[in-house]
Amino acid sequence: MQINKVSHSKDLKWVIIFVAPTLIGQLIFMLIPTISSFLIGFADWNLFSAPSFVGLKNYKYIFDDPLFYNVIKNTLVFTLFYVPLKIVIALAIANLINKKIKGVVFFRSVFFLPALTSMVAISVVWLWLYNTEFGLINILLSYIGIQGPDWLGDGNWAMVSIIVMSIWQGMGYAMIIILASLQNIPTTLVEAANIDGASKSRIFFSIKIPLLTPTLFFLLITNIFYGLQIFTEPFVLTKQGPADATNVLTTYMYDYAFRFQKMGIGSAIACILFVIMAIITFFQFKFDKWVNYEV
Amino acid sequence: MSIKKENNLLAVITLILLTIVMLLPFYWMINTSLKVELEVFTIPPTWVPSKIMWSNYSGVFDRIPFVQGLFNSFYITALCTVGTVFFSSLTAYAFAKMQFRFKGPLFSIYLLSMMIPFQITLIPQFILFSNIGWIDSHLALIIPFIFTNGFGVFMLKQFFQALPDALIESALIDGCSQWKIFKSIMLPQVQPALASVAVFAIIARWNDFLGPYVILISPEKFTIPILINALQGFFSSNWAQIMAATTMSIIPLLIVYIFAQKYFIEGISLSGIKG
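First to last, the sequence lines map onto chains L and H. Under our numbering, residues 1 to 295 are what the first sequence spells out, in order. Under our numbering, residues 1 to 275 are what the second sequence spells out, in order.
For the record, the hints were derived by calculation from the structure and aren't laboratory data. Among these hints, one or two may not hold up.
[Stated by the list, open to error] List of simulated lysine to any residue pairs, SDA-like, C-alpha gap at most 25 Å:
(1) L:Lys262 x H:Ser130
(2) L:Lys200 x H:Ile16
(3) H:Lys221 x H:Trp179
[What the hints assert, rightly or not] Chain L is faced by these chain H residues, among others (derived, beta-carbon under 10 Å):
(4) Ala11
(5) Ile52
(6) Ser130
(7) Gln158
(8) Asp208
(9) Val214
(10) Leu216
(11) Leu231
(12) Ile258
Note that the coordinates shown come from a computational prediction; the quantities given were computed from them, not determined experimentally. Beta carbons are placed, not taken as given, at the ideal position from N, Cα and C, and that holds for glycine.
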């Protein structure tokens with residue numbers, strides 16, 4: 001008993017040494033800022049004078065702003081196209097590479113290369129590729145007799161351009177995760193199905209896909225969150241334009257906080273995003289039951 | 001048998017086409033970066049530069065503080081990676097193997113931090129940094145990152161938990177200190193997870209944009225992504241030099257990847273399975 005007590009108090013010293021640095025960090029840089037953000041959302045504050053409490057005025061301002069609904073629409077359009085397309089393409093390629101083809105390591109690296117590169121650098125390169133007159137994409141299209149549009153300057157094409165670039169950039173990353181899960185599927189399962197005469201597509205849809213559900217679900221959730229939070233792509237590639245056609249939640253928030261110095265409205269926008277994400281997290285736990293976790 | 005071979009051939013052709021799609025933008029970037037400025041705007045375009053202009057590259061150094069930017073990005077990434085791997089593993093070990101009060105509620109703070117979008121903390125952190133003089137300072141990019149890696153703590157905790165308690169008990173009886181047990185016995189056994197946390201920190205820090213963009217003001221403090229974003233301001237539409245600078249910005253991480261490919265692939269795969 002005596003010994004136990006001594007070792008326990010010693011333990012506490014170590015617990016404090018091991019945990020305190022990150023715990024204090026989490027409090028100062030995550031928890032307190034998160035709470036502050038909700039509070040600042042109720043204030044009028046330009047950082048140069050003292051904040052004043054304004055109640056729900058910021059939220060009323062946002063919900064009265066027609067641009068806000070446009071921004072929500074743009075964010076959802078991006079997410080709804082980006083997430084499923086990216087995952088389906090990544091799944092198809094992972095399944096292709098998973099066959100015993102020589103050079104898997106090479107292909108894997110090639111597909112991963114854009115994901116390794118910063119989104120800023122990618123956006124600058126695609127800014128050049130999308131150039132109406134001299135960009136590679138319109139030049140290639142002209143070879144087959146198509147006159148390409150002004151990708152980034154045309155409101156109908158700007159969001160398409162961002163989605164295409166983002167899928168190209170992030171697909172390899174998703175593919176590596178799916179490939180790892182595919183390689184975890186016991187070969188005996190696939191072989192047994194083969195012997196029973198199951199077709200390739202039958203094996204894919206009835207054996208592989210069900211076993212991949214945890215991974216696909218993980219990718220679905222993380223990518224929805226990514227989609228709702230995009231910033232760099234519209235900020236660098238299209239400057240949120242033309243005419244706000246690619247203005248999304250985070251660029252909208254950035255404008256209020258750091259261009260117009262309205263910290264209250266900026267925080268309120270961040271809180272709206274947070275609530276949207278919290279709702280998705282809630283549904284995530286509900287749908288979690290349908291995911292097949294036993295292998 | 002022949003059907004199988006045909007299938008394989010089809011797969012290879014598809015993969016080669018995809019490879020072209022993935023690499024063409026990079027090829028075009030390098031191709032443009034080596035052209036004479038006027039050749040960039042010729043129609044039809046040249047697929048190989050008629051004259052290789054290395055001066056596009058050297059010109060970058062004359063016009064923007066590129067070397068300084070490389071140095072900034074490099075040391076910020078290095079400090080962040082080493083720091084966050086070290087402090088995250090300390091905390092993860094305590095939560096996995098030590099008994100203390102309020103363990104559950106305290107750990108939920110780390111889980112919560114993974115769900116908080118960065119937009120939420122961006123404005124209050126900015127206000128905090130402007131009050132303590134961290135605006136235009138690299139400290140604002142290094143310190144918060146090191147100590148708020150909820151993902152790292154979560155992932156490492158799962159790995160520490162999988163290790164047998166008997167190891168610790170016998171070491172305690174032998175008179176080892178907790179620090180020594182952690183450092184010499186436990187840490188080496190979670191090496192794949194450490195590599196994974198490090199890989200994510202390297203990619204995140206090297207490529208980080210919004211944080212540094214909001215905080216850094218003086219060009220000599222800029223990190224590489226901030227410089228790349230500012231290229232059009234420096235070079236207007238001199239695409240040859242813009243592409244030269246962009247090419248150079250990609251190379252450092254590419255070199256790291258080539259040497260540590262195994263850790264990158266393993267690390268990312270782990271995040272999908274354990275995360």
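Here is what the structure says about each hint:
1. L:Lys262 x H:Ser130: holds (15 Å)
2. L:Lys200 x H:Ile16: Holds - the C-alpha atoms of H:Ile16 and L:Lys200 are around 22 Å apart, at most 25 Å.
3. H:Lys221 x H:Trp179: Answer violated: H:Lys221 to H:Trp179 is near 37 Å, above 25 Å.
4. Ala11: Since the shortest Cβ distance to chain L is 5 Å, the answer is holds.
5. Ile52: violated (19 Å)
6. Ser130: holds (7 Å)
7. Gln158: With a minimum Cβ separation of about 15 Å from chain L (threshold 10 Å), the hint on H:Gln158 is violated.
8. Asp208: Holds, about 8 Å.
9. Val214: holds (6 Å)
10. Leu216: This hint is violated: H:Leu216 lies away from chain L, its Cβ roughly 13 Å from the closest one there, beyond 10 Å.
11. Leu231: Interface hint status for H:Leu231: holds (6 Å vs cutoff 10 Å).
12. Ile258: Constraint on H:Ile258 satisfied, holds at 9 Å.
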